[in-house]
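Using the hints provided, position chain B relative to the given structure of chain A.
So the protein lines, in turn, are chains A and B. Throughout, our numbering is defined as the position within the first sequence, counted from one, plus 526. Throughout, our numbering is defined as the position within the second sequence, counted from one, plus 295.
In case anyone wonders, no lab produced these hints; they're calculated from the structure. In this text, a Cβ means the ideal position worked out from N, Cα and C, and glycines have one as well. Some hints could be false.
[Said to hold, decoys possible] Covered stretches of chain B, as calculated for chain A (at least 3 residues, CB under 8 Å):
1. 369-380
2. 394-400
3. 404-415
4. 418-428
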Amino acid sequence: MPSSIIWWAGILLEAVILFQGLRSRSVRRYPFFYIYSACVLLVAVSTYVVYSSNLSAYPIWYWSAQLISLIAGYGILLEIFKHVLSPYPGAEKAARVAGIVVFGAIFCFALIYPLIKSQSSPGVTMVEFERDLRTVQAIFVSGLLVVIAYYGIEIGKNMKGIIFGYGLYIVTSLVSLAVRAYAGPSFTEVWRIIQPLSFDVSLVIWMTALWSYHPAPIPESRVRLEAEYEALAAKTRGAMGGMRSELARVARP
Amino acid sequence: MIQLILFSLIGALLVFALFFAMRRGPRTEGSSKALVGARQALNSLQAGLLPPELVERIFAPEDYEYVVSQAPKDVRDLFCAERKKVAIMWVDQVRQQIRSLMRFHLGSARFHAGLSFQTEIGLAVDFGGLLIACRALQVLLYLRGAYSAPRMVGATAAAAARVCRISEESLAFLNAASIGGLGDRSAGAAHLL
Numbered sequence: 527m528p529s530s531i532i533w534w535a536g537i538l539l540e541a542v543i544l545f546q547g548l549r550s551r552s553v554r555r556y557p558f559f560y561i562y563s564a565c566v567l568l569v570a571v572s573t574y575v576v577y578s579s580n581l582s583a584y585p586i587w588y589w590s591a592q593l594i595s596l597i598a599g600y601g602i603l604l605e606i607f608k609h610v611l612s613p614y615p616g617a618e619k620a621a622r623v624a625g626i627v628v629f630g631a632i633f634c635f636a637l638i639y640p641l642i643k644s645q646s647s648p649g650v651t652m653v654e655f656e657r658d659l660r661t662v663q664a665i666f667v668s669g670l671l672v673v674i675a676y677y678g679i680e681i682g683k684n685m686k687g688i689i690f691g692y693g694l695y696i697v698t699s700l701v702s703l704a705v706r707a708y709a710g711p712s713f714t715e716v717w718r719i720i721q722p723l724s725f726d727v728s729l730v731i732w733m734t735a736l737w738s739y740h741p742a743p744i745p746e747s748r749v750r751l752e753a754e755y756e757a758l759a760a761k762t763r764g765a766m767g768g769m770r771s772e773l774a775r776v777a778r779p
Numbered sequence: 296m297i298q299l300i301l302f303s304l305i306g307a308l309l310v311f312a313l314f315f316a317m318r319r320g321p322r323t324e325g326s327s328k329a330l331v332g333a334r335q336a337l338n339s340l341q342a343g344l345l346p347p348e349l350v351e352r353i354f355a356p357e358d359y360e361y362v363v364s365q366a367p368k369d370v371r372d373l374f375c376a377e378r379k380k381v382a383i384m385w386v387d388q389v390r391q392q393i394r395s396l397m398r399f400h401l402g403s404a405r406f407h408a409g410l411s412f413q414t415e416i417g418l419a420v421d422f423g424g425l426l427i428a429c430r431a432l433q434v435l436l437y438l439r440g441a442y443s444a445p446r447m448v449g450a451t452a453a454a455a456a457r458v459c460r461i462s463e464e465s466l467a468f469l470n471a472a473s474i475g476g477l478g479d480r481s482a483g484a485a486h487l488l
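For reference, chain A alone in the conformation it holds in the complex:
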C-alpha cells in the first residue's frame, strides 16, 4: 500500500512538472530535461500497467524501463553543459577533458574488472549492473560539479534545482543499490520503498525549482587580456614559484 501511494505520487508530480514546463515554456529552454521527465513518466505509467496486468513480465519490464530512464538521465548532463558551462569556454573545456579522462578510466576499468571478478564471483546481476551504471553517472556528475565549484561558476535557480534533485536521486539510488547487492533479497522490501521515495523527493525539488523560469546568471563583462592564456598561466606559475621559495625560507629555522 505505501509503495502504491509513492508510485502514484510520483506519476502525479511528473505530470505536474511537464504541465508546468509547457505552461511556462521551460520545455523549450531545457529540452533534454523535459525529454527525460516525459520518458520517466511513460516508464512509470507503463510499469504500473505491467505490474497490474502481468506480474510475471514485471521484473524484465522493470529493469528495461530502469535502463531507459537511466540513459535518458544523461540528458541532464547536456543541460549542465548548455546552461551552466557554455558561457565559460575555459571551464567548459576543463569539464570536457575531465569527462573524457573519467570515461577513459571507467572504460579501462570495465575491461579489466570482469577478468578479476570472474575468478571470485559469478555473473553480474541486474542490481549490480544498475549500481555500476549509477556509479558512472555519479562520477561524471561529481566531475562536473568539481569543475563548477573550482572555477566559482554561479548556477541559476532552475539549473540548481535540476542538478540538486538529480544528484540526490543518484546518491540514494547508488547507496541503496549497493546495500541491496550486499544484503541480498532481504533488503528488497526496504529498497522498493526507498528507491521511488527518493525519486519523489527529487520530483518535489524539480517542481519547486522549475515552477517559473529564472535565467542563468550572465557572467560580468570579462577583462580582455592582452596576453593569451599561456601568458596568464606562466605568470601565475612564476609568481607561485617565488612565493614558494620565500615560504621555504621563512619555514627554515
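Just chain B now, with coordinates in the frame of chain A:
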C-alpha cells in the same frame, strides 16, 4: 563489504561536490570590479598592513631580549603570546594573497577557450600545496612562537615584500589590456588604478 564501502564513498563524493557547487557564491574575478578590488586590497596591504619596517618591528629580537631582561615572567609570557598572535596573523595575510592570486587566475582562466587542462591541474596542485604550506607555517609559529627561530625574522620581512610585489605584478599585466577594453562602468575603476 569493500564494494559497499567503495560505492558509499562515491556517493559521499557526489554529496560533497553537490554541497560545494550549490553553496558557492558568485565570483566576480575577471571583471573590472574584481580588478579594482584586488588592486585596492594590495594597496592597503602594502601601505598599511605589511610595510617591511613594520614586519621587522613585529619580529624584532631586541624587543624580546629587552622584555626578557627587564620584565617579570607574567609580562614576558603575555608579550610572547601577543607576538605569536601577530606572527600568525601575518602568515594569514600571505595566505590571503595566495588565495587572491588563485581566485584571480581562475576568474580569468575560465573564460579562455585555449585553457590547458594539464597546466590547470599543475596549478591546482601548486595552489593547494602553497595553501597547505602556509597552514603548516601557522602551526609552526603557534607551537614554537615568533621568536623560536631568529633567522625567520629577515626572511619573514623579505617574504612579505616579495608577496606584495608578486601580487602587484600579477595585477599589473592585466591593467594595460583591461583599461582600454572596459566600458563606461569601468572608466572610474580604471582611473583608480
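Given as covered by chain A, does the region 418-428 of chain B meet the bar of three residues or more with CB within less than 8 Å?
n = 7 at 8 Å, threshold three: holds.
Coverage of the region 404-415 of chain B by chain A, judged on three or more residues with CB within 8 Å
holds (count 11)
Taking 8 Å as the C-beta cutoff, is the stated coverage of the region 394-400 of chain B by chain A satisfied by three or more residues?
holds (count 3)
If you count the residues of the region 369-380 of chain B with a beta-carbon closer than 8 Å to a beta-carbon of chain A, do you get 3 or more?
Violated - the region 369-380 of chain B has 0 residues with a Cβ nearer than 8 Å to chain A, which falls short of three.
Hint compliance for this structure: hint 1 alone is broken.
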